[in-house]
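What follows is the residue order along each chain.
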Amino acid sequence: MKFVVRALILTSVLAVAACSNPDRFGDDVYLNGGGAAGVAGSVDDPTSPLYFQQAVGDRIFFAVDQSTLSDAAKLTLDGQAEWLSTNGDFSAIIEGHADEQGTREYNLALGARRANTVQEYLVSRGVSPSRLKVVSYGKERPIEICSVESCYAKNRRAVTVISAGMSS
Amino acid sequence: MMKQFLTLLLAVVALSVPITAQAAPLRIEITEGVIEPLPFAAPDFVPENSAARQLAQDLAQVVADDLAGTGLFRQIPDSAFISQISSFSSPVQFADWKAINAQALITGAVNLESNGRLVVKFRLYDVFAGQELGGGLQFAGTQDGWRRMAHKVADAVYSRITGEGGYFDSRVVYVNETGPKNDRKKRLAIMDYDGANVQYLTDSRSIVLAPRFSPTGDRILYTSYETGFPRIYLLDVASVRRRVLEDQTGTMSFAPRFGPDGQTVVYSVTQGGNTDIYRMDVSTGSAQRLTSAASIETAPSFSPDGSQIVFESDRSGTPQMYIMSATGGEPRRISFGQGRYGTPVWSPRGDLIAFTKQSKGRFHIGVMRTDGSEERLLTASFLDEGPTWSPNGRVIMFTRETQGAGGQASLYSVDISGRNLKRVKTLGGASDPAWSPLQN
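Residue numbers (UniProt numbering), protein chains in the order written: chain A, 1 to 168; chain B, 1 to 440.
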């Protein structure tokens, strides 16, 4: 019986050229995403971002798959617009979020719709668009982690995160 | 002898003979709906020098695991063997293998040379026909590539018996997940299709999403929040160097996927709250908008010939799947069933679209023909999403996430027949798998 040799040379770069330790990046430091942790200022100081977050209200909520503003949401956003008008040194990033029901891609797009609705509303209330940025986290940054509607309702949100200085 | 085998195989195709224990030729028709896995024996390969002893065992085991893992084959344990394979070139005692009902016998020899070069030979026997199936093959490479050589042996066996391309010598890029649900850390990882040889490609400082291989497997597209906003990056696998691909201020870009030319990328851009599909030439960076509806258009995927794009849109009110020309234009809707359809992915064979379906509070991975007919749901769970095709278009890998506060994501695979659902071994949580093409 003849042995047919078909040689195939596999070079040493078979695998990803890297050391064998998969953990070559070392410890993880989580830097961005989700916002709102460690907000500056005192809640008693009406010019502080913490006051904005706690007293004015930094977030509004949406119905399933929706990006329209409820009356309660508009009330909160009116307060946000007023605060931003009074505190002209601050800018804001509006984060749109979705609950976990939905694909990753669709939820990214849905979160963007929600953030944009908030931006448009704030602009309509006199906030300069140059002070507002929008970002969507889709379903990547839930604040509530249970898998029932009570949690989902809190995750379908847009959060206005105050930052110092004008946005560039 | 080769000609004889060809004749034999052609005869089988013509008759579509189902697999039975005796007398049937060594052949699996995957499309026939195999219920009874084909029993095979893969005795330890023969070490040709003492340095190769351990590798000879390990190689045979990886080959056996690959084959048994398909659900189409069943390994006969070594303890049942009547005779051993102590020499690669000696004649096989077919009667001894027939007696234990081994329909296929895989033998191999391993030589580890002093310079570190590893040489692996193998033969496949059709035991009941009493002859070899296909010629012997030899692979050579460095020792650290031994698993790939085993996968190549298994791919050859799989191909010869099923008539389909193999998929074992392939890799999967995915998102490694650690930490609780409300503070999840994500980073890109790459591994062999079976979970071996894991390496991380990014750190977990920024959220990373949905990596996708280039058609040659040497580059990866993914989405990262590195700048604070989702942007598409292109990463070179060998050097781990990356560059941002789409960088327009005030926009988000995500859901990238290569076209078959490895040059064109389709992706989504969100501007002013509206998400549409674009295509870009990665070498020139010139981009072209393909959709301009007020609805969400995302998750684009090229047909294998590059002429069409399947994508997801909620223009009808709910997310559904559409196909348009690769240069844009009026799309036609292909999903009409009850529920929401997303993340369509064109199969490498061109015949099917895999998708995520959401219906009555459950998620499914399914497939349908490109005209929307013959929809088949392969899985059901609290959350299944993001299918990716094996290189031969026979298996789908996807993300499954469990419910509740302790919810974790892991990778699963399932045959397009709906059989052989199983978890893919990963280190820690895992999501968003993308299967590479077969390696060269």
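Please note: incorrect hints may appear among the correct ones.
Here are the simulated lysine-lysine pairs, DSS-like style, with alpha carbons at most 30 Å apart [said to hold, decoys possible]:
#, chain 1, residue 1, chain 2, residue 2
1, B, K360, B, K98
2, B, K422, B, K181
3, A, K154, B, K181
4, B, K360, B, K422
5, A, K154, B, K360
6, B, K425, B, K181
Residues of chain A clear of chain B, computed beta-carbon distances all greater than 10 Å [to be verified]:
#, residue
7, G38
8, R59
9, N87
10, Y106
11, Q119
12, R131
13, V134
Calculated directly from the structure, the hints in this document are not laboratory data.
In this text, a Cβ means the ideal position worked out from N, Cα and C, and glycines have one as well.
Notebook entry, point to check: For V134 (chain A), which was marked as not at the interface, is the minimum beta-carbon distance to chain B over 10 Å?
Noted result: violated, 7 Å
Margin query: Check whether the Cα positions of K360 (chain B) and K98 (chain B) lie no farther apart than 30 Å.
Written below: violated, 51 Å
Margin query: Please verify that the nearest CB of chain B lies beyond 10 Å from R59 (chain A)'s CB.
Written below: holds, 15 Å
Item checked: Y106 (chain A) remote from chain B - nearest C-beta pair above 10 Å -> violated, 5 Å
Check: Does K422 (chain B) pair with K181 (chain B) here, judged by a C-alpha cut-off of 30 Å?
Finding: Between K422 (chain B) and K181 (chain B) the Cα gap is close to 23 Å, so the pair holds against 30 Å.
Notebook entry, point to check: Hey, K360 (chain B) versus K422 (chain B), does the alpha-carbon distance stay inside 30 Å?
Noted result: With a Cα-Cα distance of about 24 Å, the restraint between K360 (chain B) and K422 (chain B) holds, given a limit of 30 Å.
Margin query: Would the non-interface assignment of G38 (chain A) survive a Cβ cutoff of 10 Å against chain B?
Written below: holds, 14 Å
Note to self: With the threshold set at 30 Å, check whether the alpha-carbon distance from K154 (chain A) to K181 (chain B) stays at or below it.
What the structure shows: holds, 15 Å
Item checked: Exclusion check [R131 (chain A) not at the chain B interface, CB over 10 Å] -> holds, 13 Å
Notebook entry, point to check: Does the claim that N87 (chain A) lies off the interface hold, with its Cβ farther than 10 Å from every Cβ of chain B?
Noted result: holds, 22 Å
Notebook entry, point to check: Holds or violated: K425 (chain B) with K181 (chain B), Cα cutoff 30 Å?
Noted result: Roughly 21 Å between the alpha carbons, so the hint for K425 (chain B) and K181 (chain B) holds.
Notebook entry, point to check: Is the straight-line distance between the alpha-carbon of K154 (chain A) and that of K360 (chain B) 30 Å or less?
Noted result: Given pair K154 (chain A), K360 (chain B) holds - Cα atoms ~21 Å apart, limit 30 Å.
Hints 1, 10, 11, 13 from the list above are not met by this structure, while the remaining hints are.
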